[in-house]
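K.L.:
Given next are the chains, with one letter for each unit.
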Amino acid sequence: MTVVVGWTPDARGHAALVRAIAEAQVHDERLLVVNASSGTAPVDDRFAGVADVSQVRALLDSLGVDGEVRQTVVRDVGDALLDIAEEVDASMLVIGIRHRSPVGKLLMGSTAQRILLDARCPVLAVKA
Amino acid sequence: MDALLTGLSMALTPENLLYAVIGVLLGTAVGVLPGIGPAMTVALLLPVTYNVSPSAALIMFAGIYYGGMYGGSTTSILLNTPGESSSVITALEGNKMAKTGRAAQALATAAIGSFVAGTIGTILLVAVAPTVADWVVVLGAPSYFALMLLALVAVTSVLGSSKLRGFISLALGLAIGLVGTSTGQARLTLDNPLLADGIDIVVVAVAIFAVGEALWVAAHLRRRPLEIIPVGRPWMDRRDWRRSWAPWLRGTAFGFPFGALPAGGAELPTFLSYITERRLAGEHRAEFGKGAIEGVAGPEAANNASAAGTLVPLLAIGLPTTATAAVILAAMQSYGLQPGPQLFEAEPELVWTLLASLFVANTLLLVINLPLAPLWAKLLRIPRPYLYAGILFFAVLGAYSVNFQRFDVLLLCLFGALGFAMRRFGLPVLPLIVGVILGPRLEEQLTQALQLSQGDVSALWSEPVAVIVYVVIAVLLLGPLVLRLVPGRQGPERLEDEVEELEEEVRS
Amino acid sequence: MAAFLGLVGIWTVVDSAGLDPGFSDQVVAPAAFGFVIGSSLVVLAVLLAVATARGDRAEGEAGEDVDLSSSTDWRTLAGLAGVLGATVVLIDWLGWAIVGALLFAGAATVLGNRHWVRNLAIGAVLSVTSWYGFYVGLGIPIPAGVLDGIL
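So the protein lines, in turn, are chains B, L and G. To convert, note that position 21 of the first sequence is 21 in our numbering; the numbers rise steadily by one, no gaps. Offset between the second sequence (1-based) and our numbering: plus 128. Offset between the third sequence (1-based) and our numbering: plus 636.
No lab work stands behind these hints: they were computed from the structure. Glycine included, C-beta positions come from ideal geometry on N, C-alpha and C. Among the clues, some could well be false.
Said to hold, decoys possible - Just the calculated beta-carbon pair ranges, DEER-fashion:
(1) B:ARG30 x G:TYR768: 51 to 61 Å
(2) L:ILE150 x G:ARG750: 46 to 56 Å
(3) G:TYR768 x L:ILE596: 49 to 59 Å
(4) G:GLY718 x L:ARG413: 48 to 58 Å
(5) B:HIS99 x L:ARG413: 50 to 60 Å
(6) B:ALA51 x L:ASP365: 23 to 33 Å
(7) L:ASP365 x B:ALA11: 26 to 36 Å
(8) L:ARG509 x G:ARG750: 16 to 26 Å
(9) L:ALA374 x G:TYR768: 44 to 54 Å
(10) L:ASP130 x G:GLY718: 50 to 60 Å
Make the full structure from the sequences, and use the hints.
P.N.:
See the structure below:
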């Protein structure tokens, strides 16, 4: 079984990653770190650069976690996470969330909410 | 000199200064944003010419032109995505510098180099343009006809990779220029009264530059986000200054004359500047290819100096040689201004205000852009759907505001499709737009020339200038053929190959 | 492409041939330019056809935001064409403020942004602002369409 974590190179992503590593270690499972971007903007801060990715790999190695980092460019980040979770038959999906006002959610939509509602496996939402 | 000072006082009025600031900011912004260039921006802003005073609008457009040249270098350095061919060379060393932690110095030498080159270029422009205008104004219709023909041929055959496709594009542009009843009879109007006045240049320019480009990019959107190199405030230390000043001056020397030639453009001078700097680098030679500051300073200066040079034929003769210059010319025409030597006599105040405002724009660019570089990089986070939806939005608005007719919007879509097809089939857009603008004027000059001679065709080569120009045209057209026949003498082509190789190096 | 050029060329020539010889004071007959341009289009079309047949392939134009390695995205293109077509049909009836908003929202959605509520909101703000901007700032009264009297 595999723990899948939606990771971004920021505080929120880091909180989720730390928690996911802990989960993977406790249950002795593989860890799949997913970093996805819709690629709509020429530059996306949430799409990790080479340095960030190798840092995460080093972290996984040093902790002895059997893990993998996967980067994808997709139309919709939420769908991509759900698809990957299904593809590897994930035991758990870990995501980072942040506070959103109701108006902000109406305008910006919420990837986290869609994942919570549509996921077929347990979802662990970590607040940074 | 007095004229220039009067112009300067005009350029510094609050209204004109405001438009200069808007132009410079807009220009830099669109230069930074991938997919939007100064030509497209000026085209989208053509509707302002309906109500803003000519001097204010032209000041803004000139600011956009200069700013766009500058903004392009920022993305080249930080992202390694040279959009216009003129900034390919900048990316070559600039991005390497940024990757080794010298982004601030690369941006600084580009900004200060642009300022130095732009200022010297504008001084040269002020010195040269009136002289050229004085010289051109005495020419008769036959010489004008020849000069316009030269501009068409030069723009078509010297730039771009395929001459055949250049001429196809030119012929299409001339055909669009035919539409209407300017000769007293309806040509190519399909008996549609809405076409009787010809096709508005605003619609054609917006369609080709904005709609065509947006559709083309939409069909081939780059999806993977690029890695941007974080940057603070640009700065240089004493050593960088010492290494930069000479390349700036040499780059200017390359850029201005090439810009002023009818077949100008910034590609060749930036390339020449680059190889010169590499040759003269001495002890720093080994740094080339790994991020040499000379390789940013020289080409960037050449780039901006050529932009100033482009304004010489535009203002003094009325010949556009770059896409942006062509759209600015369209704007002048929609004011009823006849660009060319008469402009200096008919509208001295306007011309001198514009020239003076170029100095203002240049200074603004330096003052605004040095501290703002990190902010400009933030623009790259705008999602593309909004960017391109916005372009289409303003394109339709621009076309609709010409006459408030849905027919213009339909034309916009049709020419937009043409613009897309041209990009798809590798037809350059510049010859088309120049053809649309110069076509009717070409016919006018021919008519005038032949009217004076009462139909005697030999009048066309009755003036010495005209004869010289025809010889130049012949050389331009036949030169490459002859060079190809002579073994071992393939100068220009080798240069082109080398430019392409460099481009490939950057993109990989 | 060559066929399209040939057609435009022939049309130009035929159209020119249909013109009267012009007034007697016109030294350059109105048809003259048409003949020259039309026939050169035909010649160029033939040349292009020959060049293509000999293996000369057109290169798509490269750009900062263009990824030529991907194939043409016809779905997005068709969507944009639909949005633009709808704009042409509706603009006189609904007026700029509404059509502009729809145009922006439609184009942004087709281009891959699925938050259509947000897209519509931005589009509405843009179109109404631009309408007032033109009306007040530039003194250009864009027809308001069905919103006449409200705006």
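K.L.:
Does each hint hold? Answer for all of them.
P.N.:
The hints, checked one at a time:
1. Look at ARG30 (chain B) against TYR768 (chain G): about 58 Å separates their beta carbons, and that is inside 51 to 61 Å.
2. Separation of ILE150 (chain L) from ARG750 (chain G) is about 34 Å and departs from the stated range, judged on CB atoms against 46 to 56 Å.
3. About 55 Å separates the C-beta atoms of TYR768 (chain G) and ILE596 (chain L), a value consistent with the hinted range of 49 to 59 Å.
4. Range check, GLY718 (chain G) to ARG413 (chain L): about 57 Å between beta-carbon atoms, so the 48 to 58 Å window is met.
5. Remark: the range hint 50 to 60 Å for HIS99 (chain B) to ARG413 (chain L) is upheld by a beta-carbon distance near 56 Å.
6. Judged by the Cβ atoms, the range 23 to 33 Å given for ALA51 (chain B) and ASP365 (chain L) holds: they are separated by roughly 26 Å.
7. Checked against the given bound of 26 to 36 Å, the beta carbons of ASP365 (chain L) and ALA11 (chain B), roughly 35 Å apart, stay inside it.
8. For ARG509 (chain L) and ARG750 (chain G), the Cβ-Cβ distance of about 18 Å falls inside the hinted range of 16 to 26 Å, so the restraint holds.
9. As the Cβ distance of ALA374 (chain L) to TYR768 (chain G) is approximately 52 Å, the hint placing it in 44 to 54 Å holds.
10. Distance hint check: the CB atoms of ASP130 (chain L) and GLY718 (chain G) are about 59 Å apart, consistent with the given range 50 to 60 Å.
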